[in-house]
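Novice: The residues making up each chain are set out below.
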Amino acid sequence: MSWLDKIVPSMGRTRRADRRNSIPDGLWHKCPKCEAVLYRPELERHDNVCPKCDHHLRMGARKRLNWFLDEEGREELLEDLMPVDRLKFRDSKRYKDRLAAAQKDTGENDALISMRGRLNGLEVVVVAFEFGFMGGSMGSVVGEKFARAAELALEQRIPLVCFSASGGARMQEALFSLMQMAKTSAALERLRENGIPYVSVLTDPVFGGVSASLAMLGDINVAEPNALIGFAGPRVIEQTVREKLPEGFQRSEFLLEHGTVDMIIHRSQLKETLGRMLRKLVAAPVAPPLERAPVDADAEWPSDVEP
Amino acid sequence: MNPNYLDFEQPIAELQAKIEELRLVGNDSKINLSDEIGKLEDKSRRLTEQIFRDLTPWQVSQLSRHPQRPYTLDYLGEVFTEFDELHGDRAFADDAALVGGVARLDDRPVMVIGHQKGRTVKEKVRRNFGMPRPEGYRKAVRLMEMAERFKMPVLTFIDTPGAYPGIDAEERGQSEAIAYNLAVMSRLKTPIIATVIGEGGSGGALAIGVCDELMMLQYSTYSVISPEGCASILWKSADKASDAAQAMGITASQLKELGFVDSLIDEPLGGAHRHPRETCSRVKQALLEGLERLDALDLDALLERRYQRLMSYGAPG
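Line by line, the protein sequences are chains Y and S. Yeah, the first sequence ends on 307 if you go by the working numbering, and it's all consecutive. Yeah, the second sequence ends on 624 if you go by the working numbering, and it's all consecutive.
It should be emphasised that the hints constitute simulated quantities derived from the structure, not laboratory data. All C-beta atoms, glycine included, are put in the ideal place defined by N, C-alpha and C. Take these hints with a grain of salt, some might be off.
[What the hints assert, rightly or not] Below, in silico cross-link-like pairs of lysine-lysine (DSSO-like), each with a Cα-Cα straight-line distance of 30 angstroms or less:
#1 Y:Lys63 to Y:Lys33
#2 Y:Lys52 to Y:Lys63
#3 S:Lys563 to Y:Lys93
#4 Y:Lys63 to Y:Lys96
#5 S:Lys325 to S:Lys350
#6 S:Lys591 to S:Lys458
#7 S:Lys563 to S:Lys591
#8 S:Lys496 to S:Lys563
#9 S:Lys458 to S:Lys496
#10 S:Lys543 to Y:Lys96
#11 Y:Lys271 to Y:Lys33
#12 Y:Lys30 to Y:Lys104
#13 Y:Lys271 to Y:Lys30
#14 S:Lys543 to Y:Lys33
#15 Y:Lys88 to Y:Lys104
#16 Y:Lys52 to Y:Lys30
#17 Y:Lys271 to Y:Lys52
#18 Y:Lys104 to Y:Lys93
#19 S:Lys431 to S:Lys591
#20 S:Lys325 to S:Lys346
#21 Y:Lys63 to Y:Lys104
#22 S:Lys496 to S:Lys591
#23 S:Lys543 to Y:Lys30
#24 Y:Lys63 to Y:Lys30
#25 Y:Lys244 to Y:Lys33
#26 S:Lys563 to Y:Lys96
#27 Y:Lys93 to S:Lys543
#28 S:Lys431 to Y:Lys244
#29 Y:Lys88 to S:Lys543
#30 S:Lys543 to Y:Lys244
#31 S:Lys337 to S:Lys325
#32 Y:Lys33 to Y:Lys104
#33 S:Lys337 to S:Lys350
#34 Y:Lys104 to S:Lys543
#35 Y:Lys88 to S:Lys563
#36 S:Lys429 to Y:Lys244
[What the hints assert, rightly or not] Distance ranges between label pairs, derived from CB positions:
#37 S:Leu576 to Y:Gly248: 50 to 58 angstroms
#38 Y:Trp28 to S:Asp314: 50 to 58 angstroms
#39 S:Ile540 to Y:Glu243: 16 to 24 angstroms
#40 S:Glu599 to Y:Gly248: 47 to 55 angstroms
Please put together the full structure from these sequences, using the hints given.
Specialist: In structure tokens:
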């Protein structure tokens, strides 16, 4: 037993009351499922998957993209696009203030980050939702960045990959946000008509307007294990039908069983599996093994580099 | 309290009841009450004008759900001729919350698709309160693709609280059904006009709402979430629905100002439900004019225009 295993349970017992706050943000992280307290570098070695219970913890958008794309040559797109409060929306707080707070918390301008780069050598455009930014909700900036990413993929004739994690449309942008559903779907339809692959990766959670548009339109829809995915949230459904929801309802496994997603992929296999599928869709040669030095896509295939 | 009148319409209801009473008395006796009745009718009209002049967004929202308001099938009977309803998604079931079929607008063959609510309790249940399940949306897209093949314009009527949030709907892929419709409508090779006749509830409305022209009846609404839903999430209290309605900008006039609506169809005094025939004739006129505008574009121009229209929503600058 390592020294880590010995101290972890005792920390769990002694600080039950205020555990979340008591753990310094930098070094320790509690698994939301099994409540094991995890050493962060250890967690990161496991791609943010709990080494104890295999729970897939949420992964921030920027972290996700940096993890997903080869280090060399990745480039962020439309990073300066800022949200606009067109309606001067105000509920218990002003939308402007909510935006400012979310920007401060996440260090991002809005809830979608898009990048161009390579997945183990294969050129791709990738977007990821930042769930920490107002629940990953889709407003005008998210819709615009997504549509422009799709247009770039079309123009360059390279695949588009999306990691979604969103509560749905952003209410504070009212009908502007609803229309982003149509906008993003229209941009994706052009990819479809032109034979450009689009893979939608659903990560915990995906609901509402994001689920009912861009997230379900993949040539291939894949989900991370145990992600919560649906149109209406479980609470709304429970109130409507007035019965208890079945065990595992709206989890990835439920979606697979009902034919909504093509497959569930463990995070440790995600890059390899997506790369493998995309290469078939664009008729690219078999990929080199992962974890090798970045590969020049123009190099002759098959590579003659010794492993 | 008269259940056919909303709260803020009750003063009108009282006057109308008085007028009815006088009419009955007048019929039964020799006394001529027509002067008196005329006066009261004038008063009722002035009162209605006064009440309807400054409706709040929340009041408009209630009007858009008025139980007496014309529904899709009412328009189908009045605006169109030769309506033949087509049923089913060819895979699972027919959804009565969303109706569609071929009809003629004047002489022209058209495909009409719309949400359908019910008036009686039994009918409401059968129509699931106008909340479609995935098979409803799949029927709609089947009919749209059929319209494309036979070169008929697609005319949709929007009137739904939203797509049905139920266990079976989730199992059969409510999200995918809506998303698929959005994608197909964005490139459907035939003109599409969407008209909001009542409640335009979120994704469930948009799933038959991607279009070349968006029309809205004066007292209809269109929003990303119901005012009650918005209030309970953002204000943590459904009682704030009126504030939410105001903040989101859900009425036809607010949305026209924001640039979403192409044609605003004025309703007769007191709302569509008080004069359904007149409303239908206005809707018909608007549809004819809309189709004439879209006919002037060739197909490529129409589709490019539709795409650019979609891209313009919320675009910077």
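Novice: Which of the listed hints are not met by the structure?
Specialist: none
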